[in-house]
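Chains as they are written, first to last, in the working numbering: chain X, 16 to 154; chain B, 3 to 138.
Any given hint could be a false lead.
Stated by the list, open to error - Think about it this way: if two alpha-carbon atoms lie no more than 20 Å apart in a straight line, the pair counts; the simulated SDA-like pairs of lysine to any residue are:
1) Lys30(X) to Arg40(X)
2) Lys65(B) to Lys30(X)
3) Lys30(X) to Arg110(X)
4) Lys66(B) to Pro38(B)
5) Lys66(B) to Lys30(X)
6) Lys30(X) to Pro38(B)
7) Lys30(X) to Glu31(B)
8) Lys30(X) to Thr36(B)
9) Lys66(B) to Ala58(X)
10) Lys65(B) to Thr129(B)
11) Lys30(X) to Ala58(X)
12) Lys99(B) to Ser98(X)
13) Lys65(B) to Leu50(X)
What the hints assert, rightly or not - Not everything, but these chain X residues come out facing chain B in the computed CB check (under 8 Å):
14) Glu31
15) Gly34
16) Leu72
17) Phe76
18) Leu81
19) Ala87
20) Ala94
Everything labelled a hint here was simulated from the structure, so no lab data went into it. No residue lacks a Cβ here, since even glycine has one placed at the ideal position from N, Cα and C.
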Amino acid sequence: MKPQVPGEEIPVLRKEAVGKLQLLRYAGASGDDNLIHTDVETARAVGLPNVIAHGMLSMGFLGQLLTDWAGAGAVRRIAVRFSRMVHLGDRLTCRGVVQETLAQDGGWLVRLLVYAENEAGERVTEGDAEVFLAGSDRA
Amino acid sequence: MEIDRSLVGRTSDPEVCEVERGAIRRFAEAIGDTEPLHLRGEIAPPSFPTTFRGGLPGLEFDKKRILHAGEEYRHRRPLRAGDVLHVSRRVEDVFVKQGSLGAMTFIVLAAEGRDPFGELVYESRQTIIYRQEAGA
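Please put together the full structure from these sequences, using the hints given.
Given below as C-alpha cells:
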C-alpha cells in the first residue's frame, strides 16, 4: 500500500552526518569544483567556519527519498529552494508529504512537498515533486 | 561583469552529453544512494543532469559572488546509461530583489536535453543569486 492520501508522509530518510569525504566525492561526481565545499581556507576567506555542503547534495538526498519510496525512474519533477547552508557534520532528515494524487497514463501521479531538515529542525532545502506510480494499486 | 536584463534570451549551442554508466555510479555513491539500479549505473538519479557542466557564451561568474538559490528538473523519461543528449542552455530571466542584505540579482538559467531524434528528455531550471559590485 502506497500512501497517496493528502497529508500522508512517505517513509523518512535519515542521512548520516555530511563528511569531508562525501563532499570530495560529490564535487568529483557532479563536476562542481567550487572550493568552498572542499577547501577550508577558501571557506574561511568568505567568513565560514569550515567547508559547507553543495546545495545540490541535499537535493540528491531528496531524490533518494523519492526513489527509495517509488523506485528508480519514477521522479517526473523535483524543484527545490536552498534555504539554509548545510554545514560539515550536519545530519539531515528528509521527508515528503503527499499533496494530491491524479490518475494519469494508467497509473498515478503523486504531488508531494519535500524537505530536508537539520538536527535543529531547520528546513535547509525544501520544494515539491511529482512522482509517477505505475499500476492501479491505490491505497 | 555587469549582470542585467540584456542577458535574457542568450542561448548556447547544443552540447553533446553522454550518460555514462560509471558517472551514474559515482554520482549515486557520492550521495550515499542505496537504489541498486542507480548503484549499477543503469538508471540515473533525478538530479543527475547537474553533471552536464556547461556554460553560456560570454557569461562567466565570479564564484565568490554567487549563491545557488534553487534548482528544478522535469523528466519526460528516466535517463539511462548510454543515452546521448543534446543539451542547450539559455538565460531565462534576470531580476533584482531588495533583501535584508541589500539588492540581490537573481539569474534564472534554463536547460533542456533532447535525444538524437530531437525528442525532449528533460528540462532544468537553475536560480542563482549574484552579488554585484559594492554599491550595486
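Structure-based check of all given hints:
no. : hint                  : verdict
1   : Lys30(X) to Arg40(X)  : 16 Å, holds
2   : Lys65(B) to Lys30(X)  : 28 Å, violated
3   : Lys30(X) to Arg110(X) : 11 Å, holds
4   : Lys66(B) to Pro38(B)  : 37 Å, violated
5   : Lys66(B) to Lys30(X)  : 28 Å, violated
6   : Lys30(X) to Pro38(B)  : 17 Å, holds
7   : Lys30(X) to Glu31(B)  : 13 Å, holds
8   : Lys30(X) to Thr36(B)  : 11 Å, holds
9   : Lys66(B) to Ala58(X)  : 10 Å, holds
10  : Lys65(B) to Thr129(B) : 14 Å, holds
11  : Lys30(X) to Ala58(X)  : 23 Å, violated
12  : Lys99(B) to Ser98(X)  : 16 Å, holds
13  : Lys65(B) to Leu50(X)  : 9 Å, holds
14  : Glu31                 : 7 Å, holds
15  : Gly34                 : 10 Å, violated
16  : Leu72                 : 7 Å, holds
17  : Phe76                 : 7 Å, holds
18  : Leu81                 : 7 Å, holds
19  : Ala87                 : 4 Å, holds
20  : Ala94                 : 4 Å, holds
In this structure, the hints that do not hold are numbers 2, 4, 5, 11 and 15, in rising order.
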